[in-house]
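Colleague: Protein chains in written order, with this note's numbering: chain A, 1 to 325; chain B, 1 to 325; chain C, 1 to 346; chain D, 1 to 346.
Derived by calculation from the structure, the hints in this document are not laboratory data.
If you're wondering where the values come from, they're calculated on a predicted model, not measured in any experiment.
Some hints could be false.
As the list claims (entries may be wrong) - Simulated pairs of lysine-lysine, DSSO-like, Cα-Cα distance not exceeding 30 Å:
| id | chain 1 | residue 1 | chain 2 | residue 2 |
| --- | --- | --- | --- | --- |
| 1 | A | K179 | C | K142 |
| 2 | B | K179 | B | K124 |
| 3 | C | K142 | C | K207 |
| 4 | A | K33 | A | K124 |
| 5 | D | K142 | B | K33 |
| 6 | B | K179 | B | K195 |
| 7 | D | K142 | C | K207 |
| 8 | A | K179 | A | K195 |
| 9 | D | K142 | D | K207 |
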Amino acid sequence: MAQRNIVEAIRDGLAFEMERDERVIVLGLDVGKLGGVFRATQGLLERFGPERVVDTPLAEGGIIGCSLGLAVSGLIPVAEIQFLGFTHQAFHQIGPQLGRYRFRSRGRYHAQVTIRAPFGGGVKTPEFHPDAVEAQFVQTPGIKVVCPATPHDAKGMLLEAIRDPDPVLFLEPQRLYRKGREEVPDGDYTVPFGKARVARAGFDVTMIAWSAAVEMCLQAAEDLQREGISAGVLDLRTLVPLDVDGMVAEVSRTGRAVVVHEAPLSAGFGAEVVATLQEEAFYSLDAPIRRVTAWDTPYPPASLEGWYLPTVRRVVEAARRTVAA
Amino acid sequence: MAQRNIVEAIRDGLAFEMERDERVIVLGLDVGKLGGVFRATQGLLERFGPERVVDTPLAEGGIIGCSLGLAVSGLIPVAEIQFLGFTHQAFHQIGPQLGRYRFRSRGRYHAQVTIRAPFGGGVKTPEFHPDAVEAQFVQTPGIKVVCPATPHDAKGMLLEAIRDPDPVLFLEPQRLYRKGREEVPDGDYTVPFGKARVARAGFDVTMIAWSAAVEMCLQAAEDLQREGISAGVLDLRTLVPLDVDGMVAEVSRTGRAVVVHEAPLSAGFGAEVVATLQEEAFYSLDAPIRRVTAWDTPYPPASLEGWYLPTVRRVVEAARRTVAA
Amino acid sequence: MRRILDPQGNLVDGAQPRLSLARTVEGLRWMMLSRAFDARATALQRQGRLGTYSPVKGQEASVVGSSLALDPATDWIAPSYRELPALVRHGHSLERIVAGYMGKVASSGIIEGVNVLPNQVALATQLQHASGLAWGLKLQRKPGVVMAYCGEGAASEGDFHEACNMAGVRRAPIVFVLMNNQWAISTSRELQSAGEFYRRAEGYGFKGVQVDGNDLLAVYEAAADAVERARAGNGPTLIDCVTCRLSFHNTTDDPGAYLPDGWLERAEREDPILRVQTFLAAQGLWDDGSRVAVEGEIAEQIDAAVQAASAMRTSRAADVFENVYARPPERVRRQRDELLRLAGGS
Amino acid sequence: MRRILDPQGNLVDGAQPRLSLARTVEGLRWMMLSRAFDARATALQRQGRLGTYSPVKGQEASVVGSSLALDPATDWIAPSYRELPALVRHGHSLERIVAGYMGKVASSGIIEGVNVLPNQVALATQLQHASGLAWGLKLQRKPGVVMAYCGEGAASEGDFHEACNMAGVRRAPIVFVLMNNQWAISTSRELQSAGEFYRRAEGYGFKGVQVDGNDLLAVYEAAADAVERARAGNGPTLIDCVTCRLSFHNTTDDPGAYLPDGWLERAEREDPILRVQTFLAAQGLWDDGSRVAVEGEIAEQIDAAVQAASAMRTSRAADVFENVYARPPERVRRQRDELLRLAGGS
Ligand SMILES: Cc1ncc(C[n+]2csc(CCOP(=O)(O)OP(=O)(O)O)c2C)c(N)n1
Ligand SMILES: Cc1ncc(C[n+]2csc(CCOP(=O)(O)OP(=O)(O)O)c2C)c(N)n1
Ligand SMILES: [Mg+2]
Ligand SMILES: [Mg+2]
C-alpha cells in the first residue's frame with residue numbers, strides 16, 4: 001500500500017490497466033510528452049509508446065467520435081477531455097453516439113470507452129475550465145456518469161470504468177487532485193458503481209454530495225458538530241447508476257437532507273436527488289430538503305468564484321435551517 | 001381573429017414580426033423555398049427575399065454561431081434547427097456562447113437570437129427527431145427555454161421571444177403542429193414569459209406539464225373526471241423563467257401533484273419541478289409528487305414509441321395513486 | 001472530373017475500364033436490385049407497412065461502384081442512410097434491412113461477421129467513427145480498409161472536418177466517399193459550399209478526386225485506387241462522386257416544392273443504369289432477354305426478403321430496454337419491470 | 001511561403017514592401033509594446049497580481065502586421081486570446097485589459113465604439129461569430145471587414161470548418177488569420193494536421209496564402225490584399241502565418257517538459273522584432289537612441305495602464321449577477337438578493 005493523492009491514484013490506475021490489458025489506449029490533448037495538463041498521464045508515453053498514448057489533433061468531437069470507432073475495432077480507449085467544459089464541443093458524440101451505439105446496432109457493437117475529464121471550481125481557472133455540467137449527461141441514457149471524491153475511489157472507480165462494457169464519463173475533481181494523500185492499494189481493485197459511500201455518519205441531517213463538494217460537506221459537518229448538530233455526509237460516487245436505496249436508507253434515518261453541488265441550481269443533479277428522495281422517502285421526511293448550489297448564472301471570472309460556488313458557510317446555514325425546521 | 005393551428009400561428013408570427021421589424025431574419029436548413037420541413041416558414045422567402053430568409057449550409061453549430069455574429073452586427077436572427085435532437089451538434093454554441101455573450105462582454109454585446117426547434121414524439125419520426133432534451137439547456141444559464149402548447153401561446157410567445165434581448169430556445173411540439181385550431185389574433189400580441197397557465201382547474205390533484213404533454217394531461221383529466229377525481233392541469237409554458245409562485249399556488253391548493261414529460265426520468269426537468277415544489281410547498285404536500293416520463297433509455301424506433309412515451313393511462317394511474325395516498 | 005463511360009454508354013476516348021466486364025455485369029445487377037428495391041420499399045411505405053424510407057435512385061453507380069472495390073471479409077462500410085446496395089453486397093441481409101424498416105427492432109441488427117456499421121441519422125457523425133475504426137485496424141495490424149459515406153450536405157458539418165483531419169494525421173486506411181447528389185433535402189449544392197468538395201482533401205494532406213458519380217466504371221476505378229492506397233499504408237482518399245438524386249429526399253419529402261423546372265428531366269439523362277446497360281449491350285453481354293431474366297431474379301429476391309421480414313416477430317415492450325446497457329443501473333431494471341407490468345408481461 | 005524581410009533584416013531580392021517606412025516604425029512600436037507587456041504581465045502574474053496570462057512573444061509580426069491592415073473605425077477584430085497588440089491598436093484600452101487580468105470584472109469591458117469582440121477561451125467558436133458578423137455587415141451594406149484569429153490547433157475544431165464554409169458561401173467580408181505558431185500547448189504542428197493550413201481555403205472556394213509570420217512586411221502585405229478583397233466584395237481569405245511561440249503556452253505551462261532540445265534557440269533566430277529593427281536601422285530610421293526612447297515611452301504607457309487598473313474597483317458579489325440577462329428570471333433575482341444578504345449587501 002502506498003500513500004497517493006488523486007492524480008497519483010489515477011496515474012497508477014491507468015498504468016496498471018495498460019499493463020494488464022494491451023487493448024487499452026490513452027488519447028487526448030497533450031496526454032503524451034507533457035503527461036496531460038495535470039500530469040495524470042505522465043510517464044505513460046515513455047512506458048507504452050506513441051501508439052498507445054496519443055496526442056490527438058485539437059478536436060473534442062474527434063477524440064470521442066474516434067474513440068467509438070477505436071472501440072469497434074477492438075481497442076479500449078480512455079479518452080481525456082482536457083476540461084469537462086469542453087465536452088460541449090463533443091456533446092453530439094457522447095450521449096447520442098457513445099451512449100446509443102449498443103442500442104442502435106441492436107447489440108452488435110458497443111462503445112467500451114472511458115472519458116476522463118477534470119472539472120469543478122475553486123482553483124481560479126479560466127472560463128469553461130471549472131464548469132460542472134455533469135447533469136447534462138444524465139439526460140442521455142446509455143452513459144454512466146461517475147465522480148470519485150477520494151484517491152482510493154479514483155483508482156478503484158477508474159479500473160471499474162475502463163472494464164465496464166458501457167461508456168463511462170469519469171469526472172475528476174481538479175480542486176482535490178493534489179489535496180491530500182491516503183492509502184491506495186498498488187495492485188488491482190475496483191469500486192463498484194451504484195453504491196454510495198457514507199463519508200461521515202450523522203443522526204440529525206444527511207448532507208448529500210459528490211466529487212469536490214463532499215469535502216466541503218465534511219468541513220461543514222465539523223462546524224455543525226461544534227454546534228451540537230450531528231450531520232452525516234453521503235458521497236453518491238456515481239450519478240448513473242444512482243444508489244436510490246442507499247440514499248433513501250440514510251435520509252430515512254435522519255429525516256432531513258441537504259444536497260450540495262457546484263453546478264447551477266436549476267436542473268442540476270441535485271434536483272434529481274431531491275425529487276427521488278421525496279418520491280421514495282416522502283413519509284420519513286421531517287423537513288424540506290434544501291439545495292446548496294452555484295447560482296443560475298454563468299461561472300464567473302476567478303475573482304468572483306468565491307461568491308459563486310457553494311461555501312461551507314452556506315452549507316452550514318442550510319443544515320441548521322433544515323434541522324430547525 | 002382567425003382560426004389557426006400551431007404551424008399557422010408560428011408562420012403568422014414570423015411574417016408579422018419580419019414585416020414590423022426589418023432587422024429580423026430567418027435562417028436554417030430548408031427554411032427557404034421548401035418553407036421548412038414542417039412548412040413553418042412557408043411563403044417567407046417569396047415575401048421577404050433571400051437576404052432575410054436564408055437556407056444555410058448543413059451545420060447546426062454554424063447556424064447558431066453565425067446567428068450570434070449576425071446579432072452583434074445589428075440584426076435579429078430567428079434560427080431554425082430542423083429538430084431539437086440536432087441542437088446537440090450546436091450545443092457548444094448555445095449555452096456557452098449565446099447564453100454567456102452578454103456576461104463575457106461585460107454587457108457590451110448580447111445575443112438577441114431566437115432558436116426555433118420542433119421536438120417530441122408520437123409521430124413516428126426517425127432517430128433524434130423526437131428527442132426531448134429541453135432540460136439540458138436549463139443547466140446553461142443565460143438562455144431562456146420556452147415551450148408553448150397552444151396556437152395562441154405559440155404566436156404570442158414567439159413574438160415575445162424575438163423581441164427579448166436575451167437568447168431564447170423556442171420549442172415547438174411537432175405532434176400538435178396541426179392537431180387543432182383555435183382563435184389566434186391576427187395582429188400584435190405577446191404572451192409574457194414566466195407565467196404558467198391553468199389549462200384546467202382541479203381540486204384533488206394538479207398535473208404539471210409543458211408542450212405536447214399538456215394535451216395528454218388534459219385527456220387524463222377527462223378520464224379522471226369520470227372517476228370523480230377533479231384533476232387540474234398547469235401548463236408551465238416556460239422552463240426558464242420558471243413560474244415558481246404559480247406552481248406553488250396551484251399545488252398548495254390541491255396538496256397533490258403529478259409531473260409529466262416526454263424526456264427520460266433522470267435529470268429531466270420534472271426533477272426541478274418536484275425539487276422546487278418540495279422546497280417551497282413542503283408543508284402543503286399531502287402525498288409524494290409523482291413523475292410520469294419516458295424511461296431512462298434512448299428514444300426507440302417508432303414501432304416502440306408507444307411503450308416508451310408517457311401515456312394517458314400512466315398519467316391517470318399516477319394521479320389515482322397520488323390522490324389515494 | 002474523371003469519366004470512363006459517357007451518358008450514352010460509350011467509353012470516352014482512350015479510357016481503359018479497370019472493372020472487368022464480368023464484374024461490370026455484377027455491378028449492373030446490384031444497381032438494378034437497388035432501383036427495384038427503392039420502388040418496392042416506397043410502395044410498401046405508402047401502404048403503411050414500412051417507416052420513412054430514403055431511396056438511392058440515381059446514385060446507384062456511386063454506391064455500387066465504390067463498394068465493389070471492397071473485400072467484405074476484411075473491409076468495413078460506415079454508411080450514412082442511403083447506401084443500401086453497398087450494405088447488401090457487403091453481406092448485410094436484405095430481409096433484416098426490411099425488418100428494420102418494418103420496425104422489427106430485434107430482427108434488424110447486422111449479424112456478426114458482416115463488417116458494416118449501423119445506418120446513421122446524425123449526419124457526418126459516422127465519419128468520426130470510421131476514422132477511429134480505420135486507425136484502430138491499423139494499430140492492430142489488421143488488414144481492413146474502411147469506406148465511409150456521407151452526403152455533400154453532411155460534409156458541411158464540423159464532424160466531416162475533424163474526421164478527415166484525424167484520418168490524415170494517422171494515415172488511417174480509409175476512403176471517404178462523398179455522395180454529391182446536388183441536394184440536401186431542398187438545399188442546393190451551390191448553397192452548401194462555394195468550393196469543390198474534392199479539393200478539401202489537399203488541406204488534410206491526402207488525395208482528393210472528383211468522378212462522374214453516374215459512371216460505374218469511373219467510380220470503381222477511383223475507389224479501387226483509393227483502397228489500394230489505403231491498404232499500402234498510404235492513407236486516406238476523398239472521392240467526390242458527382243451524381244443526382246433522382247427521387248424525393250425520403251418518403252416524407254415533396255421535391256416538387258423546390259426542384260427547378262426541368263431539373264429532374266435533365267438529371268434523368270444521366271441515369272447510371274441505362275448507360276451500363278447500353279455499354280454491355282454493345283459488348284454483346286446484355287439484351288432484353290438478360291434484362292427480363294435479371295429483373296425476374298431480383299423481384300424474387302425482394303419478394304423473399306419482404307416475406308421473410310413479415311414473418312419475423314414484431315417489436316414488444318421489452319425491446320425498449322434491450323441492448324441499452326451491458327450492465328443496467330438498478331433504476332433502469334425497475335423501470336423495465338414497471339413497463340412489463342403495464343404491457344402485461346412481454 | 002511569402003517573405004519580404006529575411007531573418008537577417010534584409011529585403012529578399014526584388015521585394016517591394018507595401019507597408020510604408022513610417023508605418024513600419026509604427027508597427028515596430030506595437031511589437032515592442034507587446035513584447036514589453038508580456039514581460040510585465042508575466043512578472044505581475046508571478047506576484048499573484050494577475051490571473052493566467054498567455055503571452056504573444058514571438059508572434060508579434062503576425063498579430064501586428066495583420067491588424068495594421070484594418071481601419072478601426074469600420075473594421076472588426078474577433079480575437080482568440082493571444083492578440084493583445086491588435087486589440088490595443090484597434091482601440092481597446094490597455095488599462096481595461098490589465099483590469100481584466102486583475103479580475104476586475106466591471107472595469108474590463110470593451111468600450112462602446114471599439115470594434116473588438118471579447119477574448120474567446122472556447123477555441124474556434126469565435127470564428128463562427130466572426131463569419132456571422134461579417135455576413136451581417138454585408139447584409140446591412142455596412143463597410144466593415146472582420147479579421148478573425150485562431151491558432152493552428154484551434155483550426156482542427158469543427159467550428160473552423162463550419163465558419164469557413166459559411167463565410168465562403170456568403171462571400172462574407174472576412175479575413176481568417178491562422179496563427180500557426182507550431183504548438184498547441186505541447187502538441188506539435190505535425191500532430192495537428194497532415195496538410196498545409198492555407199490549402200484548406202481552396203476547398204471553401206476562397207483564397208489561402210501562406211506567409212512568413214515572423215515578417216511584419218509579408219504579413220501586412222497579405223492582410224492588406226485580403227482586406228481589399230473583402231472590401232471589394234470578393235469574399236474571404238485565409239492567411240496562414242507561420243510563426244513561433246517564443247514563450248510558454250500560458251503562465252501555468254512548462255515548455256521544458258515537451259520542447260525538443262534546441263527548438264527555442266532555433267526559433268529565436270526568427271525573432272520578428274530584431275529583423276524589423278535591423279531593417280529600419282539600415283534605412284537610418286532606427287538606432288540605440290530611438291530604441292531607448294521608444295522603450296521608455298512604452299514602459300511609461302504600461303506603468304500608467306497598470307496603475308490605472310490597480311485603482312479601479314475590485315469585483316464585488318453583485319457582479320456575479322451583472323450582465324447575465326437583460327430581463328432576469330424572478331428566480332435569478334431572488335438568488336441575487338440571497339447573495340447580497342450573504343455578502344452583507346454589496
Ligand atoms: C446533424 C443532422 N442535422 C440535420 C439532419 C436532418 N437531415 C436529414 S437528411 C438531411 C439532408 C442531408 O443531405 P446530404 O448530406 O446531402 O445527404 P443526402 O440526403 O443528399 O443523401 C438533413 C438536413 C440530420 N439528420 N442530422
Ligand atoms: C474547445 C477547447 N478545447 C480545449 C481548450 C484548452 N486549450 C486552451 S489553449 C489550447 C491550445 C491552443 O493551441 P492553438 O490553437 O494552436 O493556439 P495557441 O495557444 O498556439 O495560440 C488548448 C488545448 C480550449 N480552450 N478550448
Ligand atoms: Mg446530398
Ligand atoms: Mg498554436
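Colleague: Next step is simple, just say for each hint if it's right about the structure.
Modeller: A quick look at each hint next to the structure:
1. At most 30 Å may separate the alpha-carbon atoms for a hinted pair to count; K179 (chain A) and K142 (chain C) exceed this at roughly 44 Å.
2. Taking the CA atoms of K179 (chain B) and K124 (chain B), the gap is about 15 Å. The hint holds against a cut of 30 Å.
3. Taken as a hint, the K142 (chain C) and K207 (chain C) pair is honoured in the structure, with Cα atoms around 23 Å apart against an allowance of 30 Å.
4. Restraint check for K33 (chain A) and K124 (chain A): the C-alpha separation of about 25 Å stays at or below 30 Å, so the hint holds.
5. The hinted pair formed by K142 (chain D) and K33 (chain B) meets the criterion: a straight-line CA distance of about 27 Å does not exceed 30 Å.
6. Note on K179 (chain B) and K195 (chain B): the hinted pairing holds, with a Cα-Cα distance of about 24 Å set against a maximum of 30 Å.
7. A C-alpha spacing of about 40 Å is found between K142 (chain D) and K207 (chain C), which places the hinted pair above 30 Å, so the restraint is violated.
8. Annotation: proposed proximity of K179 (chain A) to K195 (chain A) holds, straight-line Cα distance about 24 Å (limit 30 Å).
9. Only pairs whose Cα atoms come within 30 Å are accepted, and K142 (chain D) paired with K207 (chain D) is accepted, the gap being roughly 23 Å.
Against the hints set out earlier in the document, violations occur for numbers 1 and 7.
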